[in-house]
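One letter stands for each residue in the lines below.
Number of protein chains: 2
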Amino acid sequence: MKDITTWIDEYQKGSRFGLKGKVLLKKNSKFQEILIIESDYYGKALMLDRCWMTSMRDEKYYHECLVHPALSSIKEKSRILIIGGGDGGTARECLKYSQVEKIDLVEIDEEVIKASKKFLQEIGGTAWIDKRLTIHIDDGVKWVEKAKNNFYDCIFIDCSDPSEFSNLLFTDTFYKECKRILTQKGILATQSESPESFKNIHIHILKSLKKVFKLSETMYSFVPIYPSGIWSWTFASKGELNLSTPCCNEVTTIEKGCDIWNLNFQNAAFKMMPNKIVKELNS
Amino acid sequence: MKDITTWIDEYQKGSRFGLKGKVLLKKNSKFQEILIIESDYYGKALMLDRCWMTSMRDEKYYHECLVHPALSSIKEKSRILIIGGGDGGTARECLKYSQVEKIDLVEIDEEVIKASKKFLQEIGGTAWIDKRLTIHIDDGVKWVEKAKNNFYDCIFIDCSDPSEFSNLLFTDTFYKECKRILTQKGILATQSESPESFKNIHIHILKSLKKVFKLSETMYSFVPIYPSGIWSWTFASKGELNLSTPCCNEVTTIEKGCDIWNLNFQNAAFKMMPNKIVKELNS
Chain C
1 MKDITTWIDE YQKGSRFGLK GKVLLKKNSK FQEILIIESD YYGKALMLDR
51 CWMTSMRDEK YYHECLVHPA LSSIKEKSRI LIIGGGDGGT ARECLKYSQV
101 EKIDLVEIDE EVIKASKKFL QEIGGTAWID KRLTIHIDDG VKWVEKAKNN
151 FYDCIFIDCS DPSEFSNLLF TDTFYKECKR ILTQKGILAT QSESPESFKN
201 IHIHILKSLK KVFKLSETMY SFVPIYPSGI WSWTFASKGE LNLSTPCCNE
251 VTTIEKGCDI WNLNFQNAAF KMMPNKIVKE LNS
Chain B
1 MKDITTWIDE YQKGSRFGLK GKVLLKKNSK FQEILIIESD YYGKALMLDR
51 CWMTSMRDEK YYHECLVHPA LSSIKEKSRI LIIGGGDGGT ARECLKYSQV
101 EKIDLVEIDE EVIKASKKFL QEIGGTAWID KRLTIHIDDG VKWVEKAKNN
151 FYDCIFIDCS DPSEFSNLLF TDTFYKECKR ILTQKGILAT QSESPESFKN
201 IHIHILKSLK KVFKLSETMY SFVPIYPSGI WSWTFASKGE LNLSTPCCNE
251 VTTIEKGCDI WNLNFQNAAF KMMPNKIVKE LNS
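From first to last, the protein sequence lines are chains C and B. For the first sequence, the positions run 1 to 283 when full-length UniProt numbering is used. For the second sequence, the positions run 1 to 283 when full-length UniProt numbering is used.
Check each hint, because a few of them may be wrong.
Stated by the list, open to error - DSS-like cross-link-like pairs, simulated, lysine-lysine; straight-line CA separation at most 30 Å:
(1) C/Lys276 with B/Lys207
(2) C/Lys118 with C/Lys256
(3) B/Lys142 with B/Lys207
(4) B/Lys22 with C/Lys13
Claimed, not checked - A few chain C residues that don't get close to chain B, going by computed Cβ distances all over 12 Å:
(5) Ser29
(6) Asp139
(7) Lys142
(8) Ile201
If you're looking for bench data, these hints aren't it; they were derived computationally from the structure. Ideal placement from N, C-alpha and C gives every residue a C-beta, glycine not left out.
Can you build the whole structure from these sequences, using the hints too?
Right under this line is the structure:
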């Protein structure tokens with residue numbers, strides 16, 4: 001099977017996005033189908049239940065935009081929680097900050113981590129051997145329920161689209177629990193879907209976070225392999241949200257090393273809400 | 001043929017983006033293959049030489065970003081030139097401005113206009129019967145060569161990717177001729193390709209315009225059906241370029257009617273250059 005080049009597509013509402021490549025792994029875990037291919041142009045790529053999750057070529061569009069608006073702006077960031085993020089990309093970006101002391105990465109599907117470590121090593125990179133990272137194979141919702149009040153400085157929800165086993169990650173109840181375990185100046189950062197391909201979920205996330213948290217802001221940018229190519233990330237806090245102000249000198253160095261994100265880009269991305277979404281939210 | 005639902009894909013560097021639908025027209029003109037489909041989610045869509053040009057669902061992402069940064073900012077805009085733009089969407093957006101007195105739309109391929117008028121009526125809309133619009137079936141490069149000095153207030157280059165018959169639209173020579181026929185405060189607005197899927201052409205356009213014109217600025221936004229979903233538009237002038245300042249009260253009304261564009265969105269889009277492109281341009 002490995003030597004056959006084929007087209008693998010994600011299908012969404014009468015459109016499809018496909019990569020040509022060789023299948024390196026096709027496996028059914030307890031939760032989902034895991035597919036890894038070696039593609040001609042996007043490099044190695046991961047698909048879960050036939051939805052593209054990440055690829056070597058474009059993963060930075062996603063991971064840099066999830067992590068840096070949050071961690072570049074908060075001063076205190078010793079304890080981090082990542083829910084999902086089994087490919088390791090979010091942890092890798094977090095570990096660029098020397099103040100990060102401990103990351104709990106809570107991934108429900110052990111097989112995703114095994115497959116990522118084996119086939120997508122470059123995405124996690126040295127994160128996999130960094131002593132600050134602890135991997136927990138657990139349900140993110142349950143983990144959050146069990147966590148102490150005011151414990152994490154930053155929570156990243158790095159999950160797939162709503163499905164049978166991830167639905168609870170998109171509820172008010174879950175967001176309230178996240179709020180409870182966040183420190184006063186901490187930030188919740190979540191991918192918040194595409195305003196074009198998943199408009200209803202997108203608007204639901206924005207409204208829920210606005211209801212539950214004191215402050216929330218949404219940025220829009222690009223992820224070429226995701227449906228429509230338009231993606232969003234939302235940041236929320238119960239205390240402060242100074243996303244445009246870098247917290248420390250280290251940010252300048254981190255900025256230089258990034259492929260997509262920089263502070264100018266970020267400040268702009270927070271204003272890239274398509275007018276039809278502005279109108280819908282104001283109606 | 002018309003009743004069969006099928007997948008139609010654009011192929012780019014080992015990736016493909018496809019729409020499912022019925023083929024309404026498949027025709028070879030003197031210049032290219034013209035394909036129009038009725039797709040399930042994106043509605044009617046136009047493909048030229050197997051590249052997606054526009055669709056009912058997402059055409060505003062493209063047309064609003066090409067037209068409004070230019071026309072919302074210049075005071076004098078009586079004479080407009082559109083090169084390409086055979087689907088009518090650019091003309092439709094231009095005609096929202098009451099000060100526009102005359103548009104010359106110069107499309108090389110008459111068959112594109114015929115097909116758009118027949119199958120994609122909603123994109124051109126009332127532009128097709130607006131007396132301010134004159135269609136010329138001609139080569140845009142030759143049209144520009146023949147035009148008078150300081151004649152047009154705005155030139156829109158609304159063309160397909162470089163190909164055998166459109167290559168000359170991406171040269172310094174052509175840009176110099178455009179500059180010659182533009183008024184002193186006029187603006188050249190061109191689609192400038194994807195920084196991700198067509199990086200070399202993208203950077204070539206930016207550098208050429210910077211060399212030829214006194215001022216130029218590039219904005220980045222989304223076009224879901226184009227390769228990578230990231231697209232860019234560049235605006236250039238030999239005199240003034242005050243893209244963030246609306247010229248007149250009419251802009252507020254036009255803004256309200258837009259699906260994607262508004263002034264905040266625009267100002268942000270001019271700062272959405274991915275960091276790797278920033279670094280490449282500065283190197």
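Cross-check of the supplied hints:
no. : hint                   : in the structure
1   : C/Lys276 with B/Lys207 : 33 Å, violated
2   : C/Lys118 with C/Lys256 : 29 Å, holds
3   : B/Lys142 with B/Lys207 : 23 Å, holds
4   : B/Lys22 with C/Lys13   : 15 Å, holds
5   : Ser29                  : 26 Å, holds
6   : Asp139                 : 32 Å, holds
7   : Lys142                 : 35 Å, holds
8   : Ile201                 : 16 Å, holds
Violation of the numbered hints given earlier is confined to hint 1; every other hint is satisfied by the structure.
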